[in-house]
Amino acid sequence: SQWGEENLQALSIQEGEDVTMNCSYKTYTTVVQWYRQKSGKGPAQLILIRSNEREKRSGRLRATLDTSSQSSSLSITGTLATDTAVYFCASMSNYNVLYFGSGTKLTVEP
Amino acid sequence: DTTVKQNPRYKLARVGKPVNLICSQTMNHDTMYWYQKKPNQAPKLLLFYYDKILNREADTFEKFQSSRPNNSFCSLYIGSAGLEYSAMYLCASSRTGGVFAETLYFGSGTRLTVL
Numbered sequence: 001s002q003w004g005e006e007n008l009q010a011l012s013i014q015e016g017e018d019v020t021m022n023c024s025y026k027t028y029t030t031v032v033q034w035y036r037q038k039s040g041k042g043p044a045q046l047i048l049i050r051s052n053e054r055e056k057r058s059g060r061l062r063a064t065l066d067t068s069s070q071s072s073s074l075s076i077t078g079t080l081a082t083d084t085a086v087y088f089c090a091s092m093s094n095y096n097v098l099y100f101g102s103g104t105k106l107t108v109e110p
Numbered sequence: 001d002t003t004v005k006q007n008p009r010y011k012l013a014r015v016g017k018p019v020n021l022i023c024s025q026t027m028n029h030d031t032m033y034w035y036q037k038k039p040n041q042a043p044k045l046l047l048f049y050y051d052k053i054l055n056r057e058a059d060t061f062e063k064f065q066s067s068r069p070n071n072s073f074c075s076l077y078i079g080s081a082g083l084e085y086s087a088m089y090l091c092a093s094s095r096t097g098g099v100f101a102e103t104l105y106f107g108s109g110t111r112l113t114v115l
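These protein sequence lines map, in sequence, to chains U and L.
The opening residue of the first sequence carries number 1 in my numbering; numbering runs sequentially from there.
The opening residue of the second sequence carries number 1 in my numbering; numbering runs sequentially from there.
Chain U extracted, bound-state conformation (with noise of 0.2 Å):
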């Protein structure tokens, strides 16, 4: 079944300070992926990490993935006003379905 039934954190920071986001799934997945979603847009896809890799680093994001507790994280770096975005983890079935997971409102104040 899905869990995006989950209501959003909030997280609200200052421009230039780091921040991690958690996720947990519960389906089994071989493939998470961090979606962003900006006011106003449709998600789009940040970063995507496999069940054999423990992080993946693009840019300022960092994934972390944890198969043995089916969590994720992603970090930012050095966060800008215009991180400013909900953001999201998925997990892929089999069938290349995506499943969101929680999602993090995430406001850099400048």
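Calculated from the structure, these hints are not laboratory results.
Ideal placement from N, C-alpha and C gives every residue a C-beta, glycine not left out.
Just so you know, not all the hints are guaranteed correct.
Cβ-to-Cβ under 10 Å is the rule here; a few derived chain U residues that face chain L [to be verified]:
| id | residue |
| --- | --- |
| 1 | N7 |
| 2 | L8 |
| 3 | A10 |
| 4 | G40 |
| 5 | G42 |
| 6 | C89 |
| 7 | Y95 |
| 8 | S102 |
Since the structure of chain U is already known, use the hints to place chain L on it.
Just chain L now, with coordinates in the frame of chain U:
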């Protein structure tokens, strides 16, 4: 061009009336999805088309219908709207196989308000 387009951007509907939302993509993706997103919640998968095969989630099976007349277009149909259908509806597409097979490309959504 990785654009998924949704029309209309905003839609008002009356309780008990039908609603039809439209989505299109020009990337020749074989899979198209519909998600429902309510405020402060994560998007929830409603259904998806893999080529011409429709797959609907068990808990929304009877509430939503869809059609895909060709590869580029997909619609989401609500036969009788209720207040609980008020939400943002997101369409997405993806291509199976290849380097970016797991990436979904989303449209900007249609905000449906049922009165």
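We went through each hint and held it up to the structure:
no.	hint	in the structure
1	N7	5 Å, holds
2	L8	5 Å, holds
3	A10	9 Å, holds
4	G40	7 Å, holds
5	G42	3 Å, holds
6	C89	9 Å, holds
7	Y95	8 Å, holds
8	S102	7 Å, holds
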